[in-house]
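> In order, the protein sequences belong to chains A and B.
Using full-length UniProt numbering, you'd call the opening residue of the first sequence number 1 and step up by one each time.
Using full-length UniProt numbering, you'd call the opening residue of the second sequence number 1 and step up by one each time.
Just to be clear, a hint being listed does not mean it is correct.
A few chain B positions that, by computed beta-carbon distances, are all more than 10 Å from chain A [to be verified]: (1) Ser10; (2) Gln270; (3) Glu274; (4) Pro361; (5) Arg375; (6) Gly380.
Derived CB-CB ranges, DEER-like [stated by the list, open to error]: (7) B:Gly73 with A:Glu157: 35 to 45 Å; (8) B:Asp95 with A:Gly87: 35 to 45 Å; (9) B:Glu423 with A:Gly33: 53 to 63 Å; (10) A:His169 with B:Gly429: 31 to 41 Å; (11) B:His2 with A:Glu423: 36 to 46 Å; (12) B:Gly429 with A:Thr376: 49 to 59 Å; (13) A:Val237 with B:Gly87: 57 to 67 Å; (14) A:Ala458 with B:Asp95: 20 to 30 Å; (15) A:Glu157 with B:Asp95: 29 to 39 Å.
Calculated directly from the structure, the hints in this document are not laboratory data.
The C-beta atom is built at its ideal place from N, Cα and C for all residues, glycine as well.
Protein chains: 2
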Amino acid sequence: MHIDLLRSGSKSLPQQISETMAQRITSGLLQPGARLPSVRNLASSLKVSQVTVSKAYAELESHGHISCSQGKGCFVAERARMSLDAGTGWQDGYDDFLPRAQLWRNFDYSKVEYPFHMAAIHGDLLPLDSIGATMSTLVTEQPELMASYGNFQGDLELREVMCRHLQGHGIHLRSSDLMITSGTQQGIDLVARTFVGPGDTVYLEAPSYTGAIDVFAGRGAEMIFVPMDNEGMKVDVLTKLCDRRPPKLIYTNPTFQNPSGVTMSISRRQRLLELARSYRCLIVEDDPFSDLYFRKPPPPSIKSMDAEGHVVYMKSFSKVIAPGCRIACVAAGGNILSRLIAAKSASDLGSPLLNQKAVLPFIARKYEAYAEQLRTALRGRMEKAAKLLKQHAPQGVSWNLPEGGLNLWLQLPTASGISRLHELAEQEGISFLPGDVCYSGEVPSRHIRLCYSQMKEADMERGLRLFLRLLDKHLSSVR
Amino acid sequence: MHIDLLRSGSKSLPQQISETMAQRITSGLLQPGARLPSVRNLASSLKVSQVTVSKAYAELESHGHISCSQGKGCFVAERARMSLDAGTGWQDGYDDFLPRAQLWRNFDYSKVEYPFHMAAIHGDLLPLDSIGATMSTLVTEQPELMASYGNFQGDLELREVMCRHLQGHGIHLRSSDLMITSGTQQGIDLVARTFVGPGDTVYLEAPSYTGAIDVFAGRGAEMIFVPMDNEGMKVDVLTKLCDRRPPKLIYTNPTFQNPSGVTMSISRRQRLLELARSYRCLIVEDDPFSDLYFRKPPPPSIKSMDAEGHVVYMKSFSKVIAPGCRIACVAAGGNILSRLIAAKSASDLGSPLLNQKAVLPFIARKYEAYAEQLRTALRGRMEKAAKLLKQHAPQGVSWNLPEGGLNLWLQLPTASGISRLHELAEQEGISFLPGDVCYSGEVPSRHIRLCYSQMKEADMERGLRLFLRLLDKHLSSVR
Chain A
1 MHIDLLRSGS KSLPQQISET MAQRITSGLL QPGARLPSVR NLASSLKVSQ
51 VTVSKAYAEL ESHGHISCSQ GKGCFVAERA RMSLDAGTGW QDGYDDFLPR
101 AQLWRNFDYS KVEYPFHMAA IHGDLLPLDS IGATMSTLVT EQPELMASYG
151 NFQGDLELRE VMCRHLQGHG IHLRSSDLMI TSGTQQGIDL VARTFVGPGD
201 TVYLEAPSYT GAIDVFAGRG AEMIFVPMDN EGMKVDVLTK LCDRRPPKLI
251 YTNPTFQNPS GVTMSISRRQ RLLELARSYR CLIVEDDPFS DLYFRKPPPP
301 SIKSMDAEGH VVYMKSFSKV IAPGCRIACV AAGGNILSRL IAAKSASDLG
351 SPLLNQKAVL PFIARKYEAY AEQLRTALRG RMEKAAKLLK QHAPQGVSWN
401 LPEGGLNLWL QLPTASGISR LHELAEQEGI SFLPGDVCYS GEVPSRHIRL
451 CYSQMKEADM ERGLRLFLRL LDKHLSSVR
Chain B
1 MHIDLLRSGS KSLPQQISET MAQRITSGLL QPGARLPSVR NLASSLKVSQ
51 VTVSKAYAEL ESHGHISCSQ GKGCFVAERA RMSLDAGTGW QDGYDDFLPR
101 AQLWRNFDYS KVEYPFHMAA IHGDLLPLDS IGATMSTLVT EQPELMASYG
151 NFQGDLELRE VMCRHLQGHG IHLRSSDLMI TSGTQQGIDL VARTFVGPGD
201 TVYLEAPSYT GAIDVFAGRG AEMIFVPMDN EGMKVDVLTK LCDRRPPKLI
251 YTNPTFQNPS GVTMSISRRQ RLLELARSYR CLIVEDDPFS DLYFRKPPPP
301 SIKSMDAEGH VVYMKSFSKV IAPGCRIACV AAGGNILSRL IAAKSASDLG
351 SPLLNQKAVL PFIARKYEAY AEQLRTALRG RMEKAAKLLK QHAPQGVSWN
401 LPEGGLNLWL QLPTASGISR LHELAEQEGI SFLPGDVCYS GEVPSRHIRL
451 CYSQMKEADM ERGLRLFLRL LDKHLSSVR
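Here chain A stands alone, though its shape is the one from the complex (with noise of 0.2 Å):
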């Protein structure tokens, strides 16, 4: 396996192996039961001397990840080498360059019944008849637009269109700033590919959006995650971490944040642009929220405080109209979004065209009314959950209400058997988000993340019930 060594990093070279095969554990890369390299040919494909590889093996045996044996070898723990495929045995030794996949494995949940684990909206909230219309007569009228690839950067009418609804929101862009993506994770990966390689240091946000993380680590960049308190992001500690290690990118998801719900004030914001500024790198600024405020708009965006092309920002628009349809935008100026053009193309050729199409009305004349209806609905979503928790919640268990958005952030008194309370809800039909795939891992997390919108109400009631109750008998266990 490859694995990205920092020589220069702040971390041991033991410490980096240890940590990245135990992402890449947890992750369910590496499957219970395969095979670690020997130490010798590890040491040798990573340049690295044995006792340090030996050390890393000692540290992920410690922590229950691996067991080795003398003569045998070292395997992933916890159960007995699967049987492998007749002769697909070499796939195990051929390298890739995958560390983490956390997303991969905690968002597929295609039989779980009472979903909390995914930040979406259900479908019944959704204006999919609308969208659905739009859809029927454009196969009907247009039916070229399936046999078309359309444009690399995306339709221009849509770009148009988008490029109206922001300026509503006070960010003030031509459409040639505009690109569109299957959904903001393509964004975000987009960036990455193009703007990050091996040992470019990334900040996030700690916690923060576990797609992201892992898009970061796939390029081998070392990832620096600066705290935070209620006023989101604390700058002052990401500059003096700058001073050290200068930032080549800022991921923020600065309103209702992915995954703890809170919002960046307006002077951080500020102060964060100054940062990109005077370092000359890129902030991005992933916004799937801001529209979804309980109470009141959110401070403006990072973007619309822009004038040299510093940030580039995401909305996904289907997200809360659409999801399936994945159309997001990405606006950035200059030569850097005509860069992600050119990685957009050879990732994909481009956006379904048809999909583009669909959304267009909508969002042109539907959304902001619509936007209303939502935030009402998830606030009265949002509430039913808030005071479910504080009528069954075990002690000791705790959280902020969130002014906007789809998501719970709790706090459990321990982190202890947070993976068996895991596997045991999803017995149960019910999942949720580990708080430990929102950071490097490199601590175990006692957070986790609820989302109360992607269900039916009722449903959601009954699950978050039932979920209580399971953690109740979890936490009297572990206490």
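Using the hints provided, position chain B relative to the given structure of chain A.
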């Protein structure tokens, strides 16, 4: 700018630097008038001597790519320095990892009247009514498809349908061995990002698909182009090359190859697979055209002979029925596939579910009969184009009649002035693909690729006549 230098490679460092920069310039990533880094700065960031950079710049200047002047520095040639947006000048110095973007540069001609450049099928030949009708029914009866992120691996029902389809073509797999991607371009990209890293050796046919070359270049691979004859890639030459540089991956397009049209013989297919087994490496078998034969079906796919999971087989379904839907299938075994699914999740959280469901009934029930008709129609187009070529092609231009696929690969008597021809043609509303972009770019190619299926028949004929007249004029002027 970031350049992956291979210190153990066969090329000198100045050569590697000048070729990478030439690629960036011809790709349009470095625009006319853009200022290059100073010799001192580039030398320091690449950790090479200033002499090395000076040599590279002299080489670029001798080819007319840049012009340098004492005291002012070096600039990309051809036009005066463009005025930059106020304040965004810092972006020029912001490093990226995009060495080549010929796909971006050469495939986006929204306003061209006679698009011969892209290998695609005109809407009139596609079953858009049938797929549109399915889409209409789905959005009415199952609107929740627009709400769901679906499964990262792709819809199970569609994978089952594809599985049966592949069985009919001699490829016996389970639905769990398949993944759905947004077109084959994404499949190639996922394999590259997962398994290819800086300095890894990737073998390709000479010429090859430019979108694959872009992707492997983006991963910092050492690409080696293997010559072809009328049986496809010369596997004996490849075998010798592998002695010196063992392959990490072999990319091939064995059937009606893009761009050359050549089909690999069955014995070469077998030997190629043997080679992959002995080197424990992957073959990417990109198969867009095997259903589009004119006389007799092509030899069995390499994947159909693969018992040990060495072949990642890619077949685009949407290309043949509805390109705008962007639905392809990637078949691979064991943990090669699971790692690709992890990469897919990080790159876009899965392809749109509605698009997957929309092509499903057609592939299940109508594909084979449709393919039969399509073959006849395409053969008709090809013969029309070939007749025009025979009548009007200037002396010294040669080509082989393809046995299937969408392209004609023309050899001109000289490589001289092809970029000028390209510009002239565009002014007349005609686009073609210059052969240069199908190679590494070291040696000028005297080939061009024309697709005969991307327009209505009458337009294709009119456009081809116009183009051949232009070509005649051009060749007279450069002789």
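> Let me make sure I understand: some of the numbered hints might not hold for this structure. Which ones are they, in numerical order?
Numbers 13 and 14, in rising order.
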